[in-house]
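Colleague: In order, the protein sequence lines correspond to chains G and A.
Start counting the first sequence at 47; every next residue gets the next number (our numbering).
Start counting the second sequence at 47; every next residue gets the next number (our numbering).
These are computed hints drawn from the structure, not numbers from a lab.
Some hints could be false.
Copies of the same chain look alike in the list, so a pair counts if it works inside one copy or between any two.
What the hints assert, rightly or not - Once the Cα atoms are required to be at most 20 Å apart in a straight line, the calculated DMTMM-like pairs of lysine to aspartate or glutamate come out as: (1) K63 <-> E100; (2) K63 <-> E73; (3) K406 <-> D308; (4) K150 <-> E167; (5) K364 <-> E414; (6) K99 <-> E62; (7) K446 <-> D185; (8) K159 <-> D308; (9) K288 <-> D334; (10) K76 <-> D221; (11) K238 <-> E414; (12) K63 <-> E167; (13) K288 <-> E267.
Protein chains: 2
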Amino acid sequence: MIVVQKYGGSSVSTTEKIRNVARRIAETAKHSQVVTVISAMGDTTDDLIAIAKELSTMPDGRELDKLLATGEQAASALLTMALHTQGIPAVSLTGGQAGIITEKVATKARILKIDPRRLREELNSGKVAVIAGFQGITDNASWADITTLGRGGSDTTAVALAAALRADKCEIYTDVDGVFTTDPRIEPNARKLESISYEEMLEMAGQGARVIHSRAVDLGELYNVQILVANSANTTQGTLIKEEDPSMEVRNPVRGIAHDADVARLTLVSVPDRPGIAYQVFHALAQDNINVDIIVQNVSQAGLTDVSFTVALPDLEKAKRTLESVVKEIGARELITDQNVAKVSVIGSGIRSHPGYAAKMFGALSSEGINILGIATSEIRITCLIDQDYVKEAVRALHKAFQLEKA
Amino acid sequence: MIVVQKYGGSSVSTTEKIRNVARRIAETAKHSQVVTVISAMGDTTDDLIAIAKELSTMPDGRELDKLLATGEQAASALLTMALHTQGIPAVSLTGGQAGIITEKVATKARILKIDPRRLREELNSGKVAVIAGFQGITDNASWADITTLGRGGSDTTAVALAAALRADKCEIYTDVDGVFTTDPRIEPNARKLESISYEEMLEMAGQGARVIHSRAVDLGELYNVQILVANSANTTQGTLIKEEDPSMEVRNPVRGIAHDADVARLTLVSVPDRPGIAYQVFHALAQDNINVDIIVQNVSQAGLTDVSFTVALPDLEKAKRTLESVVKEIGARELITDQNVAKVSVIGSGIRSHPGYAAKMFGALSSEGINILGIATSEIRITCLIDQDYVKEAVRALHKAFQLEKA
C-alpha cells in the first residue's frame with residue numbers, strides 16, 4: 047500500500063514539531079510505503095519573500111522560484127534526518143529529483159508530467175521518500191530551471207504524486223481538524239464534515255476556506271484521488287474529499303458558509319455607457335492574469351454608468367496599474383478602490399436542485415441589517431459582497447439560517 | 047574577457063552588503079563577461095548545521111549536503127535580483143545548473159568534471175552568471191544528488207570554473223585585504239604580500255591562514271589559474287597567488303608565520319614498543335579519513351613508549367571513537383587528549399635552500415621561554431606544537447626573528 051502524506055508549514059515550524067511529524071510517519075511506515083510531501087518550515091516562505099523585496103520591488107520570477115524552493119528543500123532534508131533518528135530509512139527528494147516536470151513559467155507553473163522512476167526506486171528499496179513540495183523542474187536535465195507551483199503548491203504536489211503512483215491514500219495534514227461548515231473561530235457551532243465533494247470543496251476553497259489549495263482539489267477530481275484533510279497535531283478523523291455519492295442527496299443541500307476578506311472592490315466611475323466598454327475593461331484584466339469576481343453595473347443615467355468588480359487583495363495593485371490606461375481610453379471619470387469589503391458564500395451541491403436558497407440568504411443578511419453590495423453565483427454557490435465589518439455577523443446568521451449546526 | 051569573482055559569506059551577510067557586491071559586479075560587467083560565485087549569507091551554513099544537530103547527532107551526509115546547499119542557492123537568487131535592480135542582466139545557477147559534476151560522496155565531494163554548456167550560453171547572451179558556490183551534482187540528470195565540496199568549497203567552485211572557462215581572471219573577495227606575513231590581529235607589523243606562490247599559500251592555508259581554502263589553491267596550481275585574494279569592502283590591491291617566479295629568489299626566504307589553535311593532541315600512553323603498532327594506529331585513522339599531523343614518539347622505556355599526534359579539532363571526537371578499539375588491540379594503557387595546544391609555522395619556499403631556519407625558529411621560541419611539544423616539517427615549512435597560551439608571543443617573536451616587517 048502506498049500512502050502519500052503532506053504536512054504543511056505550520057506542522058513543521060519547529061524542530062520539535064518536525065520530530066512529531068517524523069513519529070507520525072514512522073507509525074504509517076510500519077504497514078505502508080510512505081511518500082511525504084513537506085512545506086517550508088513555518089514562515090520561511092514569507093521571510094524569504096521579505097528579503098527579496100528588500101533587493102527588488104519586482105523580483106524576477108525565475109529567481110524568486112529558486113529562492114523560495116530552498117525552503118521546502120531544507121525542510122525535506124531536516125525531516126529526513128528526524129526519520130533517520132527514529133531508525134526509519136528515508137531519503138529526501140527535491141521536486142526535480144521526484145520527477146515533477148512543469149511548464150517553463152515562473153511562480154505558478156503547472157505540472158506537465160511526473161517521471162517517478164527515482165521515487166519508485168527509493169520506495170521499493172524500503173525507504174520513506176520525503177519530497178520537497180511546491181516545486182518542480184522544467185526538464186529532466188540538471189541544468190533545467192527550478193519552478194514553483196504557486197501558493198499552496200505543496201497540496202498540488204501531494205495529489206499529483208498520489209495520482210502518478212496510483213497511491214492508495216492521499217492525506218493532507220494541516221493545523222485544523224478538517225473541513226468545517228464554517229470558520230469555527232467565528233461560529234462555535236461550526237461542525238466538522240466527514241466528507242465533502244470535490245466540487246463543493248473547490249467552491250469552499252475558492253471562497254476563502256484555507257484548508258486546502260483549489261488546484262489540488264481540481265487535480266484530485268481529475269485523477270479521482272480521494273483526499274483526506276486532517277490535523278497533524280492529533281488523531282481525529284478529518285474530512286474526506288471525494289466524488290459526490292448518492293447518499294449526499296439526502297443530507298443538507300448546503301454544506302458550508304465561506305468568507306473571504308482578502309478582497310478589494312474597484313469601481314470605474316462615470317463610464318460612458320456604450321457597447322464594448324466591458325470587453326475593454328475585463329479583457330485587459332484577463333490579459334494580465336487577474337481574476338475578477340462579483341461584477342456590478344449600475345443602471346445608466348445620462349449615458350453614464352458605474353462599473354464595480356472585485357479582485358483578490360494581492361492583485362489589487364496590479365489591477366490598478368492595468369486599468370490606468372484603460373480608464374483614459376474608455377473615458378471614465380476615475381477609478382476608485384475599496385478594501386473594506388468581504389465576500390460571504392453559501393455552498394452546497396444541493397443548491398443546484400433547490401431553488402429559493404438565494405432568497406433565504408438575502409433574507410438572513412437583511413434581517414441582520416447587512417447591506418448587499420453585489421452578488422455572484424455558481425451552480426452550487428451564492429456569494430454576496432458585504433461591508434467587511436459585518437463578516438462575523440453574516441457568517442453566524444447564515445450558519446443558523448441554513449441549520450448547519452445539525453448533522 | 048572572462049572574470050570569475052567569488053564573494054564569501056561575510057561579503058553578503060546583509061541585503062545592504064548584497065547591494066554593495068552587486069555594484070562591484072556591475073562595475074566589472076562594463077568591460078568583461080562576469081561569473082560570480084557566491085557563498086551563503088553570513089552565518090547561514092552554521093545556523094543550518096545547528097538545526098540539523100537538533101534533529102540528529104550524526105546527520106546523514108547526503109541530507110546535510112542538500113540542506114546546506116540551500117544557503118548558496120538562496121544567496122545566488124538574491125544577488126541576481128540585486129543585479130537586476132541595477133539594470134544588469136543576470137541569471138543565477140545552482141552548482142548542478144552550472145554543470146559541476148562531482149563524486150557521489152557526501153559533505154566533501156571532489157569535482158569530477160565541469161560541463162559549462164549552460165553557463166557559456168548565459169554568458170554569451172550577455173548575462174552575468176551568479177553561481178551557487180560550494181555545491182555540485184552527481185550526474186547531469188534532474189534526479190541526481192546534490193553534493194557539497196566541503197568547507198570553503200566556494201573558493202574551489204570559483205577556481206574550477208575559472209579553469210573550465212579558461213577565464214582571464216579569478217578573484218576571491220573576502221573580508222581581509224589579502225594574504226599577510228602573519229595574522230595582523232596578533233602582529234600589527236604584519237605586511238600584506240603582493241604575491242605568493244601556490245606552494246607557499248598551500249602551506250599557509252594548511253597551517254591556519256583562513257584567507258582561502260587549500261583545495262582551491264591546489265586546483266589553481268594544477269590548472270595554472272592565477273588567483274587574486276582581495277577585500278570586498280574596499281579597492282586595495284590584494285595578493286596574487288601564482289606560480290613561483292625567479293624574482294622570488296632574491297626576497298626573504300620566509301614568507302609568513304601561520305598559527306592554528308584548532309588542533310588537539312592525542313596521546314596513547316604506555317604502548318608496548320613492537321613493530322607494527324604505528325601502522326595499526328595510523329592506518330585506522332587514515333581509514334576513517336582523519337588527517338594526522340605532528341607525530342611524536344618517546345624513547346622506549348622498559349618496552350613501553352608514548353605516542354602523541356595532533357588532529358584538527360573538529361576531528362577529535364571521531365579520532366577518539368576510531369581509537370577506542372585500537373587502544374585495546376595494541377595494549378596501550380590509555381588514550382589521553384589535550385586541546386590546549388596550538389601550532390605555529392614558519393613558511394617560505396626559500397626554506398628549502400636555506401639551512402638553519404629550523405634552528406633559528408627554535409631559538410626564537412626558546413628565548414621567549416616557549417616549550418616545543420613537537421615538530422613537523424615540509425620542504426618549505428617548519429611547524430612547532432606549543433602550549434596554546436603562548437600563541438601570540440610565538441607569532442610575534444617569529445615575525446621579528448625572520449624580519450617579516452621588512453618588504
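Colleague: Run the structure past the numbered hints and jot down the numbers of the failing ones, going up.
Modeller: 3, 5, 7, 8, 9, 10, 11, 12
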